[in-house]
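For the sequence shown, our numbering begins at 1 and goes up steadily by one.
Worth double-checking, as some hints may not be accurate.
Have a look at the derived ranges for each label pair, beta carbon to beta carbon [claimed, not checked]:
id, residue 1, residue 2, range
1, Cys-257, Lys-12, 44 to 54 Å
2, Lys-12, Asn-209, 44 to 54 Å
3, Glu-210, Ser-23, 33 to 43 Å
Because the hints were derived from the structure by calculation, they are not lab data. Cβ atoms here follow ideal geometry from the backbone N, Cα and C, with glycine treated the same way.
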Amino acid sequence: MFGQNRLVVRKKQCIQETISDVSLDWITGDIHILQSENDEIEIIQTADPRFPESKLFRYQVNNGVLSIADGRKQKVNIGFNFKQTALEIYIPNKRFNSLTIVSVGSHLFTNNLDVTKCRYNTTSGKANLSGKMIELDIHAIASHIVGDHLEIEKLDLHATSSKINLSGKFAVLDAHSIGRSLFVRSSTMLQQMKSISTAANVTISIPDNEGFTFKCKKVSGSFKSDFSLNSDGDRSTYKNGINQFSAEVRGGYFTLCKDSSGKV
């Protein structure tokens, strides 16, 4: 168990059906998504012994889709529920079609996910992410998200008053950020990048490469690049200019860094 010592196992469920898609709707507490040692999915909820049984997780399986819901969603008392429970989901070591997580005030931990499309929607939460995904769609409000050893083909990010720090291998990045900070470090060259930021500090780190075209629209704030750009108005090129980058800066900072570490 990953939990506080005062928590005990209150509910456990093994899912033997073939599952291709998983969705989770949760409020407060830690969420761990880990690899199982077999082909079954196991859901374990730990909680304070006084935690009402009626508020333990609910689930259903429909046409290969496993839906897990927080039993507290029906009647929420945040003062009582806060940090009173934790959830562990053990999934087989295979590629899932989709994983959707909606959480409020939770701390999400993922370990080597393998999923075609992952959608993560969090408010006032934290997350530590790792894994391979064709698409990762993050919507974060007042949250702190860290990702390491990620392999993402397309990252779509919408962050408000959040601190985001992601590193790994990325191909396409589409980021919208308002307030706080965004740091994305890719050990492989981005094929396409688009950033729209308002009063945010955005840093994109990529290795040296064959070239890109960069279009920057700066309403206010500042832009800095470690790459030697040939500028023509709001459009700049680096080497052959083959990849397409764009940034719109509405206050704050946008920095394009050259990463020479060669590490993920």
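Range hint 44 to 54 Å (beta carbons of Lys-12 and Asn-209) holds or violated: holds (49 Å)
Distance restraint evaluation - Cys-257, Lys-12, Cβ atoms, bounds 44 to 54 Å: holds (46 Å)
C-beta pair Glu-210, Ser-23: status relative to the range 33 to 43 Å that was hinted: holds (40 Å)
Checked against the numbered hints above, the structure breaks none of them.
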